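Number of protein chains: 2
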Amino acid sequence: MKKIKLHIAYDGTDFSGFQRQPGQRTIQGELENALAILTREEVEIHGSGRTDAGVHAQGQICHFVTKSPIPAEKVAYILRNMLPRDIVAVSSEEVPHDFHARKSAYWKTYRYQIDTRRAPDVFSRRYRTHLPYPVDFQAMREAAGHLVGTHDFTSFCSAKTVVEDRVRTIYRCEIVEEEHGYAIQVTGSGFLYNMVRILAGTLVEVGRKQLDPAAIPAILAACDRTQAGPTFPPEGLILMEVGYHPWNNL
Amino acid sequence: MKKIKLHIAYDGTDFSGFQRQPGQRTIQGELENALAILTREEVEIHGSGRTDAGVHAQGQICHFVTKSPIPAEKVAYILRNMLPRDIVAVSSEEVPHDFHARKSAYWKTYRYQIDTRRAPDVFSRRYRTHLPYPVDFQAMREAAGHLVGTHDFTSFCSAKTVVEDRVRTIYRCEIVEEEHGYAIQVTGSGFLYNMVRILAGTLVEVGRKQLDPAAIPAILAACDRTQAGPTFPPEGLILMEVGYHPWNNL
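Line by line, the protein sequences are chains A and B.
If you're matching positions, the first sequence starts at 0 in numbering that gives the first Met the number 0 and goes up one per residue.
If you're matching positions, the second sequence starts at 0 in numbering that gives the first Met the number 0 and goes up one per residue.
Hints may be right or wrong, so weigh each one.
[As the list claims (entries may be wrong)] So, partial list: chain B residues that the calculated Cβ filter (under 10 Å) puts toward chain A:
1. Ile36
2. Leu37
3. Arg39
4. Ala56
5. Val121
Don't read these hints as lab results, they were simulated from the structure.
Treat the numbers as computed from the prediction; the structure is a model and nothing was measured.
Beta carbons: idealized from backbone N, C-alpha and C, even for Gly.
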């Protein structure tokens, strides 16, 4: 028995999210189907977290346990030739048995990408939300500064969130100016349901002068979802990286 | 009656090429269907040239004639909300009646994009061909230099080409080094069937040391398709720009 850590990337556009669901095309479903053929076992994939329908990943991390004699490092290479083109197995390696893709994760970085061209760019349309409006980066950075730190993020998660403890730490929140657009890049200890999409919706409201950056502390304090901005659509969101403790980050 | 010039961009992945074909999803078909609704006329779209199935465009130019009173500049904006997401109407304008998208074209620029990462990048996989091999850029540039100029390109077009006159002029042929890959960018007076895909296939053979750059003049002189390299797949190819005389380039 060995435990294998798998780094995958995917274009979430044509998936009903990460989690396996009967009759739906999902990341977990495609991976488990390919691994069942490869290992001749029933394999259960554990991701660092679920991504919603339409959300992408550059650096999603999974683990699974197998009795298969296939060298751990070869798994990604073989999977690349088995998986559909919108999931790429980037690399694989054996990890200690106490590694867990979700429980061992120390931080995650998400990126929300926005295209401000008048006509959307056809080549990045699957990975950027089209919002052809000017924004005030300075105001957005001021608002982002209020979000950094340890807070109860109840105002910034879906009203359907079942988790009771909504305290999370945001380590960094950057507004990155790009050609014909910008990106909101956020690193935190963990994220609640829809949290990054609501952070993006709120920061863009600030950028468009519909919300004062100084209002953020009161929105956090309210612990009321209706106080923050809209939930932005999934297509602009990418899970960029998952960080592990060095001894789990082999 | 007015003549309207339309700049469009498309992701060719899910199209059976530019040209209208019964029962197939094509660029021309989608445009003509949308314009029929918009203008309440049967509209015929003329492109600067056809692109094959799977080939993309950043700067395809078309024209059509209409009696519709819709202001020419508004056409692109209205089309953007009618067309599927993989075709973008970038801009539109009225042009003189002697403008013709194909006949007035003076030059075209195509770009062939290659991803050299070991695992292909999932976000650009639709627009780059995955060839994870090192290449010798210097040798490729030497070969490209032999292609620039006016030549009979019979060796560099599909054996199925029906056009008799295969003399074309290549004005520029550049090898552009990029992050995790490279691109071959070529500007010419016109291109024969599959010509850019064969140029790319031949230049990459040179880059991989399978062909000597000094062999290019003899390959051109042979006027024999079997002498040049392979026809590369369509996904890496993008029609970047079509050039018109200044007085047609209004």
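For this structure, which hints from the list above don't hold up? Per hint list: 1, 2 and 3 violated.
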